[in-house]
Amino acid sequence: MCVTCGCANSGEAIVETHEWRAHRGPDGHEHVHADGTRHTHAHSRPHTHPHTRAGGARGGHAPAADAGLVRLEQQILGKNQLIAERNRGWFAGRGILALNLVSSPGAGKTTLLERTLADLKSAIKASVIEGDQATSNDAERIRATGVEAIQINTGAGCHLEADMVERALAVLQPEAGSVVMIENVGNLVCPALFDLGERAKVVIFSITEGEDKPLKYPHMFGAAEVLLLNKMDLAPHLRFDAARAVDNALSVNPRLRVFRVSAVTGEGLAPWYAWLRGELAAARL
Amino acid sequence: MHELSITRSVVAIVAERAAGQRVTRVRLEIGRLSAVVPDAIRFCFDLCAANTPLAGAALQIDEIPGRGRCDACCAEFALTMPAGRCPRCGAGSLRLISGQEMNIKEMEVEPCA
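Protein sequence lines, in the order shown, are assigned to chains A and B.
Going by our numbering, the first sequence opens with residue 1, and the numbers climb by one from there.
Going by our numbering, the second sequence opens with residue 1001, and the numbers climb by one from there.
If we strip away everything but chain B, and leave its shape as in the complex, we get:
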């Protein structure tokens, strides 16, 4: 379950950037072709966030749909798997243009008193 180590990374990165401020919300961007399951991240998040500046923070995950472009005919199309054939010309060589994201977009910190 790589989501646990991925969630740990998220918490470590955000805690470092928060520099002691309490974090109330974290927004991630996870591509649907990234082999990361958002529900598993949600499951791990509260556990990993406990006893850190992220404790109790809300987690928002934006899921990015997969898209590919055919190397042969340049068609662009939706993808549900990180591989496949071009639906237009049938070529097997394609480039993933979105869906592999694994980014921390932003955090919301509690305003200083």
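For reference, chain A alone in the conformation it holds in the complex:
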């Protein structure tokens, strides 16, 4: 797509900076500007006139090879975004609720997931995509609860990408109307940048971390829609100021929905489950 106007002039390299030339395809291209100006650029090859750079501003036709400069105007993560949108459509077509769970290592993502899946077993059909650099320990923990899980090992990679999820879905084949939990690699930086096609990112932040974590990792807290403040059962033993932590998170992202929970005792999980059920009902519509 041409980024100047949104027209579908793909494939060929876009040459130089002049707007009309940017719209020139290999066989000519007609184009109407917002102000009504219409350009038709019939362009038969070979040319009989000389190609000069100096004449460019007045309508010389310098091809890419002459100019040397080729405008690309491409999003670096465009390919990931494309696959993510395809995943999103795949989920939508099947009425599946997909969530991308992100946190620092050790915040309790897997424990929270085990607890959630076990508590909702009778009400919700779910499956899990586990992302870790190495081992299939987490997928095995999930499978032990009777829920289907598939492990992705990213090796040197510090985050999941949309194509990994696409491949995992082909193997996992989640049921229509179910929940797919994608547990990302424990990392608060990179997963913020890579859309997987999820309905929402859920960030898990445990109270054994610092209250200022949302301020230190604003991209992730900004990208998430839900914050699960986990390990609340440890509150009596810690000097963690939960109110300040939540304030920090909301200062980064005022739209965050916050649930204070403990995956171990089950404290505070009911509102999180209610949110999950509501989102699943919406996904099934």
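A few of these clues could be false.
Said to hold, decoys possible - Not everything, but these chain B residues come out facing chain A in the computed CB check (under 10 Å): (1) T1007; (2) A1018; (3) Q1021; (4) T1024; (5) V1026; (6) R1027; (7) T1052; (8) G1092; (9) I1097; (10) S1098; (11) V1109.
Just so you know, these hints were derived from the structure itself, not from any lab.
By construction, the Cβ of each residue, glycine as well, lies at the ideal position given by its N, Cα and C atoms.
Take the given structure of chain A and dock chain B to it, following the hints.
Coordinates of chain B only, in the frame set by chain A:
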């Protein structure tokens, strides 16, 4: 270090568009609020470009400053973080209007002999 996979993407996209021509320069646009560190991209670039049509190419990165607009009072202001409060009215809901760019703007290819 997501800059490595981002740099790989840059090299793959540019190499594909160059279609065999040797690339001498690549210009990127990276927003200061994008969570991508230009120095890390520079560090990865030569490694990723080796043995591709981009080998030896110069890398130019234009850094785009962050700007936000307040949802409440419509003020526009500079941002150094992808979040914050409006400096005029104090509201916490703002929209990022620039600084999140991650684009490949252009490349320079060696003219055909």
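State the violated hints by number, sorted upward, taking the hints as numbered earlier in the document.
7, 9 and 10
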